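Each chain, letter by letter, is given below.
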Amino acid sequence: MKPVMEGTSPRILVVLPAYQEERSIGTLVRSLRARFPHDVLVVNDGSTDGTSDAAREAGAIVLDLPCNLGIGGAVQTAFLYARHHGCDAVVRIDGDGQHEIEDIPKVLEPILAGRADAVIGSRFLGETEYRVSIPRIFGIWFFRLLVNLTTGYRVTDPTSGFFAINQRLIGFYSDHYPSDYPEVDAYILMHRLKSRAIEVPVRMYERAEGKSSITTYRAVYYMVKVTLSYIINRIRRFG
Amino acid sequence: MSRVTLFSICASAALLLYILEMVRRRKLREEYSILWLAGSVVILVLSLKQDWLVGLARAAGIAYPPSFLFLVGILFILLILIHFSIAISKLHQMNKKMAQEIALMKTGLPPGEPSRVKDER
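Chains as they are written, first to last, in my numbering: chain X, 138 to 376; chain B, 1422 to 1542.
Isolated chain X (complex conformation):
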């Protein structure tokens, strides 16, 4: 893929999916707006609290989904928006403030330089203070094995929701993106497209507000569903 043309500044969209994040979304959007020149797009996934207003007041573009689609459907809406507007790159980070926004340039740089189609921030590359619970360690270990054995990618953090993608993947994901728990699945899609995906180390913090979307009782469903759709995506046709 060609590097973005010099002289014209690339259109970059920072995407935050948010569900019931009224207490943290405003601060996050404000710090993004203060720190970077990029547009900030909040996809409000059918929140019933003040997420939408808080994000809009902080200066974000807000997409209000009329009902809760789940993380994949919400993020896909942002890809559709980015495709409509001809964005060169999308950075997706969590709307709850878990990701370190100072690491955004690290995931963007290889995309803008044309060295990668996708750059995924990994919590486990380099020095990390991020502590993970035992069941989650097992899940991550399992998906790491799955991805590494079935694709050529060397992945340390297969469930990372901190990544940047280029125009080609924005276009593809606008049509094909898994509904829920999309990150592991995305690897097989990228593999099918022969995309260049690399990981860079990023920092991640424990949640400040709200609850993680992955509760314990959903973990089993998560594993089964992701493994199934992963296998299906290997044998599916993309027209």
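No wet-lab data here; the hints were simulated from the structure. These figures come from a predicted structure and were not determined experimentally. Incorrect hints may have been included.
Keeping only pairs whose Cα atoms sit at most 30 angstroms apart, straight-line, the calculated BS3-like set for lysine-lysine is [said to hold, decoys possible]:
(1) B/K1448 with B/K1527
(2) B/K1511 with B/K1527
(3) X/K331 with B/K1518
(4) X/K362 with X/K331
(5) B/K1448 with X/K331
(6) B/K1448 with X/K362
(7) X/K362 with B/K1511
(8) B/K1448 with B/K1518
(9) X/K331 with X/K243
Among chain B residues calculated to face chain X with C-beta under 7 angstroms, some are [unchecked claim]:
(10) S1506
(11) K1518
(12) A1520
(13) I1523
(14) A1524
(15) K1527
Even glycine gets a Cβ: it sits at the ideal position worked out from N, Cα and C.
Got chain X sorted already, so can you dock chain B onto it with the hints?
Leaving out everything else, chain B in the frame of chain X:
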């Protein structure tokens, strides 16, 4: 006529009439009634034509012919359930697409390019 025959005739005829009535009143769409109608007609015919039922049961290796009726019934229920699962998945996809289009249109974007439903989840 044995009691089991009488029972299956009455039950399948009642089902057939009920489904037809639901379609007539537009409470059931034609495309979702086809498998129900086919199932009840097949069971009704096999209940009326005893020699057909006996022949088919023997061909399938079933000693007690009315058991074959159960088998036919179960197969139709299975087909109907698969049909429903597919229909729900399609509705799910359409619903997602519509929610996304609504969210995009609320920001003033023109409606998107027509998108295909079949390839996506």
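Straight-line alpha-carbon gap X/K362 to X/K331, limit 30 angstroms: Holds, because 24 angstroms separates the two Cα atoms, which is no more than 30 angstroms.
Hint validity - B/K1518 Cβ closer than 7 angstroms to any chain X Cβ: violated, 9 angstroms
Pairwise hint evaluation, X/K362 against B/K1448, where the allowed Cα distance is 30 angstroms at most: violated, 34 angstroms
Given hint B/K1518 paired with B/K1448 - CA-CA distance at most 30 angstroms: Answer holds: B/K1448 to B/K1518 is near 26 angstroms, not above 30 angstroms.
Proposed proximity, B/K1518 with X/K331 (alpha carbon, max 30 angstroms): holds, 27 angstroms
Pair hint B/K1511 and B/K1527, alpha-carbon separation not exceeding 30 angstroms: Holds. B/K1511 to B/K1527 sits at ~24 angstroms (cutoff 30 angstroms).
Hint check: 7 angstroms Cβ-Cβ cutoff, B/A1520 to chain X: holds, 5 angstroms
Minimum beta-carbon distance criterion (7 angstroms), B/K1527 to chain X: holds, 6 angstroms
Distance restraint between B/K1448 and B/K1527, which requires alpha-carbon spacing of 30 angstroms or less: violated, 34 angstroms
Distance restraint between X/K362 and B/K1511, which requires alpha-carbon spacing of 30 angstroms or less: Measuring from Cα to Cα gives roughly 18 angstroms; hence the hint holds.
Restraint outcome when B/I1523 is required to lie within 7 angstroms of chain X by C-beta distance: holds, 5 angstroms
Pair hint X/K331 and X/K243, alpha-carbon separation not exceeding 30 angstroms: Distance of about 22 angstroms is within 30 angstroms: holds.
In this structure, the hints that do not hold are numbers 1, 5, 6, 10, 11, in rising order.
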